[in-house]
Amino acid sequence: AQSVTQPDIHITVSEGASLELRCNYSYGATPYLFWYVQSPGQGLQLLLKYFSGDTLVQGIKGFEAEFKRSQSSFNLRKPSVHWSDAAEYFCAVSTGGGNKLTFGTGTQLKVEL
Amino acid sequence: EAGVAQSPRYKIIEKRQSVAFWCNPISGHATLYWYQQILGQGPKLLIQFQNNGVVDDSQLPKDRFSAERLKGVDSTLKIQPAKLEDSAVYLCASSLTGDSNQPQHFGDGTRLSIL
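Those protein sequence lines, which keep their order, are chains A and B.
Okay, so the first sequence: first residue is 3 according to this note's numbering, each after it adds one.
Okay, so the second sequence: first residue is -18 according to this note's numbering, each after it adds one.
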């Protein structure tokens, strides 16, 4: 069965600093990979997705992620963090038929002003 | 485009009581999902519908949880009787089809507290 690991439970960065959130997956073939963001009291919003092709994908709000097959990773990056980026970030994988998403446990991002 | 609508936003009940949640997906979306998100964890799929048929309910505790999507649009999720460990946020999501490359769109969820 597929699994997703987000090794960092909490991350704190200063506003304007760069950000990288880690995500590792376990699956035999190339999965479909997603990053979602969840603000307090709200549902999940899709930031970006990877299906195939270019391994560097661009998303909304200035985020990007890079798929590295050799490392089974799909890390999320942003060159300059804004205070409004404070939220919880979830990496997810969808495999096979049926579009079943398996989520990681999330990374809580705090932004210091 | 209107998003996924869920109600109520919050619900507090005592253990052994029953509760129901409602979801209205994005118009035209054939696939509907219910997730349970326990505090500090990622969402876990409970059940997936394709139109009015169940695609996957392997992680639904069927002794107490039930869900339906009778007309292939709105859906309800019921818990009866509720246990303390059911305290969680229940998220509804929808996608255009059930293909793995279709992004899922989430509602704001219903936060359930069991006393």
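The hints are simulated quantities; they were obtained by calculation from the structure and are not laboratory data.
Note that beta-carbon positions come from the ideal geometry of N, C-alpha and C, so glycine has one too.
One should not assume that every hint holds.
Unchecked claim - Just a few of them, taken from the derived set where beta-carbon distance is under 8 Å, the chain B residues facing chain A: (1) L27; (2) N33; (3) G34; (4) E66; (5) D67; (6) N82.
As the list claims (entries may be wrong) - Stretch by stretch, here's where chain A covers chain B in the computed footprint (C-beta under 8 Å, at least three residues): (7) 1 to 9; (8) 15 to 23.
Results for each hint:
1. At its closest, the beta carbon of L27 of chain B sits 11 Å from a beta carbon of chain A; the interface hint therefore is violated under the 8 Å criterion.
2. For N33 of chain B, the interface hint is violated, the least distance from its beta-carbon to any beta-carbon of chain A being 16 Å, above 8 Å.
3. Because the beta carbon of G34 of chain B sits about 12 Å from the nearest beta carbon in chain A, more than 8 Å, this interface hint is broken.
4. Taken as an interface hint, E66 of chain B does not check out: its beta carbon lies about 17 Å from the nearest beta carbon of chain A, beyond 8 Å.
5. Hint status for D67 of chain B relative to chain A: violated, with the closest Cβ pair at about 19 Å, above 8 Å.
6. Because the beta carbon of N82 of chain B sits about 5 Å from the nearest beta carbon in chain A, less than 8 Å, this interface hint is met.
7. Restraint check on the stretch 1 to 9 of chain B versus chain A: 0 residues with Cβ-Cβ distances below 8 Å, three needed, restraint violated.
8. Given a C-beta distance limit of less than 8 Å, the hint that chain A covers the stretch 15 to 23 of chain B holds, as 3 residues qualify and 3 suffice.
The structure does not agree with the numbered hints 1, 2, 3, 4, 5 and 7 stated previously, though it agrees with the rest.
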